[in-house]
Amino acid sequence: MKLQPVANPLDAAVFAGRAASGLSVLVHPIPGRRSVFAAFGTNFGSIDRVSGANGEPVPEGLAHFLEHKLFEDAAGDVTDRFAALGASTNAMTGFCGTTYIASTVEQPEASVDLLLDFVQDPYFTDELVAKEQGIIAQEIGMYDDDPDWRVFFELLTSLYAKHPVRDNIAGSVASIAEIDAATLRRCYDLFYHPSNMALVVSGDVQPERIAALVDADQSARGTDALPAHERLLEDEPRARVRERSELRLPVARPRLLLGVKETVLGGSPQELGRRRLATQVAIDLLFGRSTDTYRALYEDGLIDESFSASYSSEHSFGFSMIGGETDEPERLEARVREVLERARTGDFDTDGLKRTRARLTGGLLRASDSAESVSYGLLSAHFRGVAPFSALDWIQQLSADELRARLAEHLDPEALSVCVLRPEEP
Amino acid sequence: MPPEEFQTLAGPGGLEIQLLPTRAFKTVILALVVEAPLDEQRSARALVPDLLSRGTASFPDLASLGARCEELFDTELLATCSAAGGRQLLKLGVETVADRWVGDVPLVAQAAELLAELVHAPPLVDGRFVPEHVEQERVNLVRALRGLDDDKGSYAVRSLLATMHADTPWAHHAWGTLEAAQQLDEVSVRDAWTGLRTAFPARLFIAGDVSEAQVADVAERLAAGATREAPSAPEPVPQRTSSEVQRQREDQDLAQSKLAMGWRLPSELLPGAAAGMFAEIFGGSASSRLFKRVREQESLAYGCGSVALPDSGTLLVQAGLEPGTAERVEQLVGEERERLARDGVRDAELELARTALRRRLLASQDRPGERLHFRLRGLLTGRATTIDAALEQLAAVTASDVTELARGCALDSVFLLEGRAS
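Protein sequence lines correspond, in order, to chains A and B. Per my numbering, the very first residue in the first sequence carries number 276; after that it's consecutive. Per my numbering, the very first residue in the second sequence carries number 114; after that it's consecutive.
Some clues are possibly wrong.
As the list claims (entries may be wrong) - Stretches of chain A that chain B covers, calculated by requiring three or more beta carbons in the stretch to come under 8 Å of a beta carbon on chain B:
no.	region
1	358-364
2	371-384
3	605-611
4	627-637
5	643-653
Treat the hints as calculated values from the structure; they're not laboratory data. Glycine included, each C-beta is placed from N, C-alpha and C at the ideal position.
Model the full structure from these sequences, guided by the hints.
This is how it looks when you write it as structure tokens:
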């Protein structure tokens, strides 16, 4: 495999290539850096729930369960082998992907080798699956006690009727009880094929040595053909499920979270990327710390440091989320709705757009000090099918008119929902 | 290559400068860390960082200050209040980008100017803070103090430490009490600000690609003609003589119970790195004894771990559990501690822990914020202040050091926040 340089406007080039097996490789050399960080990701997350070819569904929480189970094989817990190399390891499952990481200062190549090994050598037994069900049930319980997590997912169930983004990433105690070793194996074979995966290595490493290491690993395994499958999604209505919902938990402070479901989906990776950036910038120009809206809400005591406004989108789903802790959820909701409605009809101050360009550049420069941040960014760009650092080009092209048009289509009143979390009554 | 290290320099007006000159990062951090007593006035001081972050004389409100930060390439304001033993630490700083990465815009100088205004030139009216701003921040502090209980895991740990270290500074929160926060007024807050900007000991941390002239400039701006006291010496570890275990239980409507256990570590064994090694072997990672026994063997918890807090002589164990299983988990934790004390630590286990801690120390060199935190902690506690010194301490830890800690530690307090299933 020959890695090719990819221009990096922030620093030295990144190197990218693809092994004969289909595994993509990206290397970000940082001379002089002590630690080496590697991220091995698969394009399989909690929303990938239906594989069409054999008609068998993927159970809720399966991607996360797989993530847990890969850490154990016939020889025991792989964490101990990383520790013996002076490395640490971890993993995380999101809506769209699962990522396994290794971080080390002393034996980077051996650590990358072990990372490749354990993710690609699954070992599933029903006995180990049963043990893991208890551990994951505890993890689900932990998130159930997190008020912010609960509000976030409650709101997603108000926005989405069928799309699996509405379901908890770890699944439910009932759904994980249905998972067995055979189901894990079937889903592993579908979604952990090298052509569906990518490895990113960042640190003081030589790209050609990482390429050679990956080539040796992949050629030793041989590659089966990717089983025929299709990721199907049920038709999701354009409108939200319900306009509002309410939760009660043992908390001291109420919370308000207002969500807007994205109704414009799909398109090429570049179209999706530009749309994502334009919406993120527009939402920030509406509610960011430099806006009069933020100042007024803060001065009126309706928000505090916990307030945030963000936008996320992928190919099949997207949403804005606005809110935080507040003692007056109704007043805050009314004020946020007022801002959104004005923005939808074009009453929207875009003076901050020029500053946003400097902000994005500065933020990316500081983030590029972190091998972890760069690695996750490269992995995300790869799976989204866009060139790394594209946002720096796109931000220069964004116009005020484009932002207005974007908000006009995004802020559909029928796509808006609110969740209020209140303290339990004594 | 030897690690680049902080240098201590004498700044103007008693300001101590901690300088880490390095071209390894694009980020530059300028942070003033003021050290005050954790006394009855701490609520007033706790309010100051947030109050100052609302604006400066030149950028008098949140919106204009936010816009200025965006113009300065997303310069981030740092404004925190924390506690270290009997000391309250107030941090005001900026995190920005070195000039050479933004086309030689004088960004560091502009960020330093903004920081100096933030500390010394708030938007006063007739020499007073804007009354509405003080009132809003007072209400925010009261709400934040109430909101602390919403993170149930942290609540369990805080409750445990308050019991374990009752009547010592380690029992107190840096933000003070609800009652004190409710009574704050403009005068008390202004007095607190005056003390912070002119009198209390302070260190100026500068990390990144900066010139000598830039260091001198930011030091002059932040000293602002004041004369400060020198930072205080490290404090002794609190002692407790009673051997009775203090137990507390609270029931809430939770999916998971939160267990916190506090063990008192023998003070004579606390210098050096042995306590960190003990905590690492006991419950510091996925290779540790508690993780293997409580999570992997018995599936009782998603996480069960330990951490050493040597400044207060504490070994903290915490776990999130299925309701009704706390007694069993407490028994397992006790058994593992006894096994370590009785049978000692295996060589392989010791080296695994040493390697893990060594990796964390070396990896921290790649993060300017962590470098600052490590240095500050060392200066406050009398522990290692350089990576090399910390590595030497780590290399010197023996199996018998760890076994002695396991034998010498005593369970002091247990706090259980029990979930709904029981």
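Violated hints - listed by number, lowest first:
3
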